[in-house]
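No gaps in the numbering here: position 33 of the first sequence is 19 in this note's numbering, and each next residue is one more.
Here are the simulated EDC-like pairs of lysine to aspartate or glutamate, each with C-alpha atoms no more than 16 Å apart in a straight line: (1) K173 x E147; (2) K85 x E118; (3) K153 x E113.
Here are the computed distance ranges between Cβ atoms for each label pair: (4) W54 x P377: 31 to 39 Å; (5) S200 x G380: 52 to 60 Å; (6) H378 x T358: 19 to 27 Å; (7) T285 x D152: 37 to 45 Å; (8) R82 x T358: 32 to 40 Å; (9) K184 x S379: 42 to 50 Å; (10) T358 x P151: 46 to 54 Å; (11) P377 x S30: 17 to 25 Å.
Calculated directly from the structure, the hints in this document are not laboratory data.
Beta carbons are placed, not taken as given, at the ideal position from N, Cα and C, and that holds for glycine.
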Amino acid sequence: MERIILHVDVNSAYLSWEAVYRLQHGARIDLRTIPSVIGGDEKSRRGIVLAKSIPAKKYDIQTGETLWSARSKCPNLVVLPPSYPLYLSCSDALVRLLKKYSPKVERYSGDECFVDLTGCTQKKTAEETAWEIKERCRTELGFTVNVGLSTNKLLAKMASELEKPDKMHTMYPHEIPEKLWPMPVRKLFLSGPKTLPKLYKLNIFTIGQLAHASPDLLQHHLKSHGLTIWKYANGIDDSPVVPDGRAVKGIGNSTTTPFDVDSEKEALLYLLSLTETAAMRLRSNKMLARVVTVSLRDTNLSFYSHQRRLVSPTDSTLLLYRQAKSLFKEMWRREPLRHLGVHLSDLVENKFYQTSFFDDTAVSRQQAIDKTIDEIRASYGADAVVRGLFPHSGIPPLCGGVYEAFPTMRSLL
DNA sequence: TCTGGGGTCCTAGGACCC
DNA sequence: TCTGGGGTCCTAGGACCC
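Required output: the full structure, derived from the provided sequences and hints.
Pasting the structure below:
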């Protein structure tokens, strides 16, 4: 049966949400109407553009560029820090509204959702429903969205890109030649900065040219990725809308340090801090990890990582940290670091997460300690228990993982 | 004091086994 | 009588997304 799929995309999400909140709390200027951005903290070396207003976009300010560069394009740019808990509650409000239309709502990222409306529209047509959702976001939630409507996720997502902001567009299969194919190929999902030059060399500049290229040729030049984007260019995608609860594949924390880390002692404190938070998230998901990865970025921004597979999966902060520490010692090139990360993957469900009272091995004692600390932090706040190594070290005892409830993001549809 | 942090998936090469 | 060859696992790195 033909499906009915919506893609709902919040326009300039962080910036819109910030603007709405400030208007509701007495601000006289709507940030959306002036050149403004949400940006990270420059003093702690996180100074990039996270979201921009439409007037800021007119100065050619791009998401991800440095605030330094953005200011050089627009000297009186208004820069505001992000308020993640606010964005999470806005995202939740959007999901609640969408769930009134269908139980099949997939939160693809904080500001994008897919909705499978198949069999959920009775009196109204799909187009009327899509339009109504767009209107209700604006009038009831206070921010505008773009809604794309089609028969699969890829086409719905491409439809919501057509014209912004506050628009609803369809891209049904019969509309592909008219609406999808004239678009520049850089607009196609998964055509990123490394893929585009290869496509240009093959004289492919529009999505239509990609759709009509030989799949064998694309596969030859771009491996399996070539076939994937060829299918997308032809509107082919049968991935399902997965309502919230898809199994998480990996849990990672990383942080850019406010100063260059050049001693092993400081680096290990950061790794302990990152491991602690990642392991807490692992345990709260009732999972065990089999692979630990440590990643480093030096002051030239070159990135490298080492990973290790464990003999048996674990959720113990101490056991995971031991691996991270040993990985770090074997990989560190003794250059100053600006970024460190710990990632846990190859996750399995922890079916025995209630540890036995009678088992008194070192491992189970360690698990009992983790469990107790998790409980204290849940009741009295994350800073209620802190390892003795951290005070006065200048290093936060729990790095990353602050927005645990924030939805996971996925790159593939 | 110029470049975040959270993800997913793919590929290439080496080790190892039969 | 030199160095087959397929399959699997593991690791490092890359590409892409929001």
